[in-house]
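Asker: Next come the chains, spelled out residue by residue.
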Amino acid sequence: MIEKAKNTSSEPWMSTYLHSKGNQLGLPISGTFELTARCNFNCKMCYVHQNDSVNKKNELTADQWLSLAKEASSKGMIFLLLTGGEPFLRSDFEEIYTGLIQMGIIVSINTNASLYDENIRRLFLKYPPSRINVTLYGGSEETYLNLCGNASFERVVNNLRSMKADGFQVKLNVSLTPYNVGDMEMIDAISREAELQAKASSYMYPPVRCGGETGYNSARFSAEDAGTVMARWNALRNTEEATLRKAEMILHNKSADLTDTCMEDRQEGIRCRAGRSSFWITWDGRMLPCGTMNIEASYPLSSGFDKAWEETRLRAAEIRLPKECSVCPNRENCAVCASSCKCETGRFDGKPEYICEMMKGAREETVRIAEKIKKEKQK
Amino acid sequence: MKIKHKFIKRDIAGETFLVPVGETAMKYRGLLALNEVGSFIWDKLPQADTDKEIVDFVLDEYDVSLGEAENDVSAFLGKLKDMGII
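Protein chains in written order, with the numbering used here: chain A, 1 to 379; chain B, 1 to 86.
Among the hints, erroneous ones may be present.
[Said to hold, decoys possible] A few chain A residues facing chain B, derived, Cβ under 7 Å:
no. : residue
1   : M14
2   : L18
3   : K21
4   : G26
5   : L27
6   : G76
7   : G104
8   : L123
9   : Y127
10  : A165
11  : P178
[To be verified] With the Cβ distance kept under 8 Å, some of the chain A side facing chain B (calculated, not the full set):
no. : residue
12  : P12
13  : G22
14  : L25
15  : I29
16  : M45
17  : I101
18  : K126
19  : G167
20  : L196
21  : A198
I should point out that these hints are in silico values taken from the structure, not numbers from a laboratory.
Yeah, the Cβ is synthetic: ideal placement off N, Cα and C, and Gly gets one too.
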């Protein structure tokens, strides 16, 4: 009569189960509210943050967010991610957050952790979030200043320790770019010292959502280097045995989990939960299947949540990925997704060469690292 | 019966869950799933002082024998007690 969901560092199975059911029935089980595009950082690779004074005028109000949450909950939404920009910049964050919790929504938060203060701490002690996802941008003030324009490293690390000491679930997200790749070992050490799960990506989407050029992000690696860096991060995080296993899997064209993707299946259409059991609402009230997806939006505030979700679902269902990808011999070790195809080529069915090269780089570097490990072991 | 922790009952995708709220969320991370009878009993908890009263509620609502009702109620309440919820 009663069943307890597992508490693991990965996704609880109840969430997996509900999303799977949502995918089948077309129910919005989870959502993301992008509370603001404003940020106290100005990261070189960001796909959201633009002009703060322009952005603030068009942000949804707390009442509007809570009204959308109520509608979404009535359709099945149970999991909600609050993101930005930097969500703690909103002066009404407490009002929004408390309202959501009191609706019985399981809320997690993306933050750079630099504005986490005693007020937010007290709020979270009263109403603990499901998880706080902290993006860690480097291992020094210099890197923070260079990449984010804000020397907040010490503050962020202190706040991470405080969150952990209070017993909150904290996960580190790491965006690897040419500006912070030199801090990779430091980032790894911080996560180990604080016993925090850390997920990294060296793939930076072209910021087409805020007017950027298709296939271009000035702050990212070349495709091959992005793959190489991903492989080095994996090797840093895994045991030598795990790296050797990954290399074996690659050589046998089997999945080696080279990147952290949200892929659920390898069908020709959309492969993740976007527009199937999850949605994203931008800071100015546009509903998208996913925050990185440059696609016609729906408008839940004017047309109602139900209609916007149905439109979003239908648009997502029409998406077809490149035919080449479905027969590619490397498909088991590829991170291609609908958003990356669109951002890289302007088409959902356009083959994203950047991703092909990046994954080739990741595969080759993983095999190289494995060979080196084998040689060391033979000595 | 006193529910010691704060939960919000929600129907999601045709199923019923208890969502822990506030400090309860630190103790019970994640969702608790209830079946139909569990959900019914949960709603009756504030109106009952004894297990026997809950059994009577179940007998009034469902076409089951006394033995079945007692077993189901005992199993459910036992689990709630074990988890420190009531």
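Asker: Compare the structure with each hint and give your call.
Answerer: Results for each hint:
1. Given hint, M14 (chain A) at the interface with chain B, holds; its Cβ is 5 Å from that chain's nearest Cβ, closer than 7 Å.
2. Of the supplied interface hints, the one on L18 (chain A) holds, with its beta-carbon coming within about 6 Å of a beta-carbon of chain B, less than 7 Å.
3. Nearest Cβ of chain B to the Cβ of K21 (chain A): about 5 Å, under the 7 Å cut. The hint holds.
4. A cut of 7 Å between beta carbons decides the hint on G26 (chain A): the least distance to chain B is about 10 Å, and the hint is violated.
5. For L27 (chain A), the suggested interface contact is upheld, since its CB lies about 5 Å from the closest CB of chain B, less than 7 Å.
6. Satisfaction of the interface hint for G76 (chain A) is found here, the shortest Cβ-Cβ separation to chain B being roughly 5 Å, below the 7 Å cut-off.
7. The closest approach between the C-beta of G104 (chain A) and any C-beta of chain B is roughly 3 Å, which is under the 7 Å cut-off, so the hint is satisfied.
8. The closest approach between the C-beta of L123 (chain A) and any C-beta of chain B is roughly 11 Å, which is over the 7 Å cut-off, so the hint fails.
9. With 7 Å as the threshold, the beta carbon of Y127 (chain A) comes within range of chain B, its nearest partner Cβ sitting at about 5 Å, so the hint holds.
10. With a least beta-carbon distance of about 13 Å to chain B, the hint placing A165 (chain A) at the interface is violated under the 7 Å criterion.
11. At a threshold of 7 Å, the smallest CB-CB gap from P178 (chain A) to chain B is about 38 Å, leaving the interface hint violated.
12. The criterion of a C-beta within 8 Å of any C-beta in chain B is met by P12 (chain A), whose closest approach is roughly 5 Å, and the hint holds.
13. Against a cut-off of 8 Å between C-beta atoms, the interface hint on G22 (chain A) holds, since the closest Cβ of chain B lies about 6 Å away.
14. Here the hint on L25 (chain A) is kept, as its CB sits about 6 Å from the closest CB of chain B, short of 8 Å.
15. Interface hint status for I29 (chain A): upheld, as the beta-carbon distance to the closest one in chain B is roughly 7 Å, under 8 Å.
16. Given hint, M45 (chain A) at the interface with chain B, is violated; its Cβ is 32 Å from that chain's nearest Cβ, farther than 8 Å.
17. Nearest Cβ of chain B to the Cβ of I101 (chain A): about 6 Å, under the 8 Å cut. The hint holds.
18. Among the interface hints, the one on K126 (chain A) holds; its C-beta lies about 6 Å from the nearest C-beta in chain B, closer than the 8 Å criterion.
19. Annotation: G167 (chain A) was flagged as interfacial toward chain B, and the flag holds, the nearest CB pair being 6 Å apart, inside 8 Å.
20. Here the hint on L196 (chain A) is broken, as its CB sits about 16 Å from the closest CB of chain B, past 8 Å.
21. Contact between A198 (chain A) and chain B, as hinted, is not supported at the beta carbon level, the nearest pair being about 20 Å apart and thus beyond 8 Å.
Checked against the numbered hints above, the structure violates hints 4, 8, 10, 11, 16, 20 and 21; every other hint is satisfied.
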